[in-house]
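Full structure from sequences and hints, please.
Going down the list, the protein sequences come from chains A and B. Read the first sequence against the UniProt record's numbering and you will find it ends at 449, with the numbers running on by one and no gaps. Read the second sequence against the UniProt record's numbering and you will find it ends at 449, with the numbers running on by one and no gaps.
Some clues are possibly wrong.
Chain copies aren't distinguished; within one or between two, either way the pair holds.
Claimed, not checked - Pairs of lysine to aspartate or glutamate residues, derived as EDC-like cross-links and limited to a Cα-Cα distance of at most 20 Å, are as follows: (1) Lys123 to Glu89; (2) Lys348 to Asp268; (3) Lys348 to Glu271; (4) Lys158 to Asp194; (5) Lys350 to Glu271; (6) Lys123 to Glu101; (7) Lys158 to Asp192; (8) Lys146 to Asp176; (9) Lys158 to Asp187; (10) Lys378 to Glu304; (11) Lys350 to Asp272; (12) Lys348 to Asp272; (13) Lys350 to Asp268; (14) Lys131 to Asp252; (15) Lys378 to Glu303.
Keep in mind that the hints were calculated from the coordinates and are not lab data.
Spelled out from the first residue to the last, the chains are:
2 protein chains.
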Amino acid sequence: MGKQDNEHLNIKVALQQDEIEQFRTIFLDLHPYDQALFYMELSKEERMKIYSYLSPLEVANLMEHIDLYDTEEFILEMDPRFSSAVLAEMATDDAVDVLNEMEKDKVASFLTIMDEESANEIKKLLHYEEKTAGSIMTTEYVAINKSQTVKETLEQLKRDAPEAETIYYLYVVDEDKHLVGVLSLRDLIISDEDTRIEDIMGENVVYVSVGKDQEEVAQMIRDYDFLALPVVDFRKHLLGIITVDDILDVMDEEASDDYSKLAAVDVDRPEDNPLAAARKRLPWLIILLFLGMLTASLIGMFEETIAQVALLAAFIPVIAGTAGNTGTQALAVAVRGLATGEYGKGDKFKLILKEAGTGLIIGIVCGVVIFGIIALWKGQLYLGLLVGVTLMITLTVATLAGSLVPLIMERLKIDPAVASGPFITTINDIISIVIYFGIATAFMNLLID
Amino acid sequence: MGKQDNEHLNIKVALQQDEIEQFRTIFLDLHPYDQALFYMELSKEERMKIYSYLSPLEVANLMEHIDLYDTEEFILEMDPRFSSAVLAEMATDDAVDVLNEMEKDKVASFLTIMDEESANEIKKLLHYEEKTAGSIMTTEYVAINKSQTVKETLEQLKRDAPEAETIYYLYVVDEDKHLVGVLSLRDLIISDEDTRIEDIMGENVVYVSVGKDQEEVAQMIRDYDFLALPVVDFRKHLLGIITVDDILDVMDEEASDDYSKLAAVDVDRPEDNPLAAARKRLPWLIILLFLGMLTASLIGMFEETIAQVALLAAFIPVIAGTAGNTGTQALAVAVRGLATGEYGKGDKFKLILKEAGTGLIIGIVCGVVIFGIIALWKGQLYLGLLVGVTLMITLTVATLAGSLVPLIMERLKIDPAVASGPFITTINDIISIVIYFGIATAFMNLLID
Numbered sequence: 001m002g003k004q005d006n007e008h009l010n011i012k013v014a015l016q017q018d019e020i021e022q023f024r025t026i027f028l029d030l031h032p033y034d035q036a037l038f039y040m041e042l043s044k045e046e047r048m049k050i051y052s053y054l055s056p057l058e059v060a061n062l063m064e065h066i067d068l069y070d071t072e073e074f075i076l077e078m079d080p081r082f083s084s085a086v087l088a089e090m091a092t093d094d095a096v097d098v099l100n101e102m103e104k105d106k107v108a109s110f111l112t113i114m115d116e117e118s119a120n121e122i123k124k125l126l127h128y129e130e131k132t133a134g135s136i137m138t139t140e141y142v143a144i145n146k147s148q149t150v151k152e153t154l155e156q157l158k159r160d161a162p163e164a165e166t167i168y169y170l171y172v173v174d175e176d177k178h179l180v181g182v183l184s185l186r187d188l189i190i191s192d193e194d195t196r197i198e199d200i201m202g203e204n205v206v207y208v209s210v211g212k213d214q215e216e217v218a219q220m221i222r223d224y225d226f227l228a229l230p231v232v233d234f235r236k237h238l239l240g241i242i243t244v245d246d247i248l249d250v251m252d253e254e255a256s257d258d259y260s261k262l263a264a265v266d267v268d269r270p271e272d273n274p275l276a277a278a279r280k281r282l283p284w285l286i287i288l289l290f291l292g293m294l295t296a297s298l299i300g301m302f303e304e305t306i307a308q309v310a311l312l313a314a315f316i317p318v319i320a321g322t323a324g325n326t327g328t329q330a331l332a333v334a335v336r337g338l339a340t341g342e343y344g345k346g347d348k349f350k351l352i353l354k355e356a357g358t359g360l361i362i363g364i365v366c367g368v369v370i371f372g373i374i375a376l377w378k379g380q381l382y383l384g385l386l387v388g389v390t391l392m393i394t395l396t397v398a399t400l401a402g403s404l405v406p407l408i409m410e411r412l413k414i415d416p417a418v419a420s421g422p423f424i425t426t427i428n429d430i431i432s433i434v435i436y437f438g439i440a441t442a443f444m445n446l447l448i449d
Numbered sequence: 001m002g003k004q005d006n007e008h009l010n011i012k013v014a015l016q017q018d019e020i021e022q023f024r025t026i027f028l029d030l031h032p033y034d035q036a037l038f039y040m041e042l043s044k045e046e047r048m049k050i051y052s053y054l055s056p057l058e059v060a061n062l063m064e065h066i067d068l069y070d071t072e073e074f075i076l077e078m079d080p081r082f083s084s085a086v087l088a089e090m091a092t093d094d095a096v097d098v099l100n101e102m103e104k105d106k107v108a109s110f111l112t113i114m115d116e117e118s119a120n121e122i123k124k125l126l127h128y129e130e131k132t133a134g135s136i137m138t139t140e141y142v143a144i145n146k147s148q149t150v151k152e153t154l155e156q157l158k159r160d161a162p163e164a165e166t167i168y169y170l171y172v173v174d175e176d177k178h179l180v181g182v183l184s185l186r187d188l189i190i191s192d193e194d195t196r197i198e199d200i201m202g203e204n205v206v207y208v209s210v211g212k213d214q215e216e217v218a219q220m221i222r223d224y225d226f227l228a229l230p231v232v233d234f235r236k237h238l239l240g241i242i243t244v245d246d247i248l249d250v251m252d253e254e255a256s257d258d259y260s261k262l263a264a265v266d267v268d269r270p271e272d273n274p275l276a277a278a279r280k281r282l283p284w285l286i287i288l289l290f291l292g293m294l295t296a297s298l299i300g301m302f303e304e305t306i307a308q309v310a311l312l313a314a315f316i317p318v319i320a321g322t323a324g325n326t327g328t329q330a331l332a333v334a335v336r337g338l339a340t341g342e343y344g345k346g347d348k349f350k351l352i353l354k355e356a357g358t359g360l361i362i363g364i365v366c367g368v369v370i371f372g373i374i375a376l377w378k379g380q381l382y383l384g385l386l387v388g389v390t391l392m393i394t395l396t397v398a399t400l401a402g403s404l405v406p407l408i409m410e411r412l413k414i415d416p417a418v419a420s421g422p423f424i425t426t427i428n429d430i431i432s433i434v435i436y437f438g439i440a441t442a443f444m445n446l447l448i449d
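Structure (structure tokens):
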């Protein structure tokens, strides 16, 4: 760490004293990710200097390690001619990600200034839907012909390598760009120079269609341990490749996303000021507050019951709370199972049966425990029985609800992860209140003697 | 899918009719992951057949795509001589993962039967602590010398490639195995044959220490877009490498882990039968049930207050629920921020201040909303004021609690993610009840007129 701080200081001094050569020597010796870390700490004036010290390619290299939202800001502060050159030098998929965040007229103007070849590559990718294979693929792959020899291919690689995102997989295509094979660089370099590609290529190519969901693509790359995966259209024309480094970002994004939804708050881009943070969290809270008022008016209907046995109120939070907890558990299991594609056709029905059984067992155990506590603690046999039986029924229903809600959402084509913990907790509040006071009112005569 | 089913059927027929050659031809043409999918569907008898049809290496290849817990079971059903040969052929890190799940005497007996070289490699890795760089690294890397030429290195690669986990990064070491440089295969093949390695290698090698937490390693590989990362001891001796395919598994594991903890249930290995599922979920539920009884006895202390104004009970769930929701949000933001290493020294204090501010704003907004509803709905000005003020105070405290609990846990060296949503919800139940009935009892005379 100390070494890094020292380096940063040296670069900063060179930058401030306008020693361009000195600056370039130390700065470009860093890994682009470390360059990005340094760059992020600079003032706007210092960044403007950097743009005149570095080439568009050098800026593009570090830009690929910067958060999407920040990149947009930086791109817009550069001279448009420079920034369109930077975009042209970035990996096509990363440039597209940045442009997708911008307003349409800005995108158009960047594409007009840009060299035609890069602009065309970018345009091809711009219209793919978000979160599909098309939106995360790059067109900078190495395509070879099956009649080439190993030697010819190695020579081709020397030419293509600087432009390609990866050269570790080579994709074999026919005259019409149909994907017919794949070859790893590993297999290439251990083969004899005169061997033809068709004799060493793998013909069982695993590929994805351009419209495939990015989460499923990530799952495939993980299952097969690939470094890259080819993307094809419905006629199996090779359109691009998806590399594992982009998959790491996808996995992180999807994980944050599921986690955020469970907690009903976006954890991925936490706000720094309280007002902005509150504005992001309040919508869900207010919706749940209104749902909560439904609970309140339900209990209000049992005002007389409570007036007769005030102690009944004491058990509202523990009943509602336990129902919320078991509901959240069942919800999390179902949402995660749906996300990892664990449930086939018949499996969803099995899941519901299983959760009903689990809920019943949990209900019986918790019901007996609370009956024991109340009977011992307050010596109130009937109250203990009431709360125990309520808990038994409530927990069965609440557990079932926790797994049903995401399944129903999926059927309605809504992302099941939207069913957050707080949401299922509030639903289960309502269910438990109705059961509790329903039973209490029915057996009132046993409680007030 | 149709094609795959067909293939599976053909292999199955060949297997049942003992047509070994036929079976090997179709089966070995599949990707090892697809082989694993097929293998997982077989009966024990069929699997036993497979072990005599395939070589240990061929079984090892598919075994690397099978879940750890299942692998252990399969390894134990094989003839010990065969299974130790399979373990020897697996990537060292994967073999170590399997052995780490077994009892010590079984591990010892496997290592005794195994060829000495493989056994030694495995022994070296067996003692690294779980979830550290050492536990996920492999020793099958390619090490080269800086005085070699490109041509010599290419020849060495042809020899080493079959054994190495990746050949896409070559690590340059000196006579004492100190890590002094790194070279990508990409840079190697575009260089002239007579160039010396020292002239093209990168000297600023990014590496990790063997004790580093696996989550931090994953973060580094993601930030730098590496395919592999070298692992060194404190004297910078090269010990092994960590490849990106293992990082995909680590990220998945860590994401499931955080998600599981937020919901207080293990979502990664859901049980198929209700009894087992209930047994896994009950411990947390019972603990929270006892905490919930604390809430009940607290409310019990205000029995008289409730007897006087029964309607007070109606607002218990909405107050406690909203406190739980905002607490869960604050918790999720803090836990995720701590996991991604977002908070430096002074940042934690800033986080607390920010959450206090956010809680206050959320409290004021929700308080005003509920005051409005109650005042309009029931026409009860004082009751509205009571619930509104309670909500304001409660939400401020609950939000703050949501961020404080994980920070305190981290200080106590407990994984902050253990602070689950249900836990913070129960804590906030208690806080909100005390505030609510405290205020209500104090201003009782205003409520009963």
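Do the hints match the structure? See the list:
{"no.": "1", "hint": "Lys123 to Glu89", "result": "within (15 Å within a copy, 47 Å between copies)"}
{"no.": "2", "hint": "Lys348 to Asp268", "result": "between (31 Å within a copy, 17 Å between copies)"}
{"no.": "3", "hint": "Lys348 to Glu271", "result": "between (38 Å within a copy, 14 Å between copies)"}
{"no.": "4", "hint": "Lys158 to Asp194", "result": "both (17 Å within a copy, 15 Å between copies)"}
{"no.": "5", "hint": "Lys350 to Glu271", "result": "between (42 Å within a copy, 12 Å between copies)"}
{"no.": "6", "hint": "Lys123 to Glu101", "result": "within (15 Å within a copy, 51 Å between copies)"}
{"no.": "7", "hint": "Lys158 to Asp192", "result": "both (18 Å within a copy, 10 Å between copies)"}
{"no.": "8", "hint": "Lys146 to Asp176", "result": "within (13 Å within a copy, 44 Å between copies)"}
{"no.": "9", "hint": "Lys158 to Asp187", "result": "both (17 Å within a copy, 9 Å between copies)"}
{"no.": "10", "hint": "Lys378 to Glu304", "result": "between (22 Å within a copy, 16 Å between copies)"}
{"no.": "11", "hint": "Lys350 to Asp272", "result": "between (45 Å within a copy, 9 Å between copies)"}
{"no.": "12", "hint": "Lys348 to Asp272", "result": "between (41 Å within a copy, 12 Å between copies)"}
{"no.": "13", "hint": "Lys350 to Asp268", "result": "between (34 Å within a copy, 18 Å between copies)"}
{"no.": "14", "hint": "Lys131 to Asp252", "result": "both (13 Å within a copy, 18 Å between copies)"}
{"no.": "15", "hint": "Lys378 to Glu303", "result": "between (23 Å within a copy, 13 Å between copies)"}
Violated hints are absent here; each numbered hint is respected by the structure.
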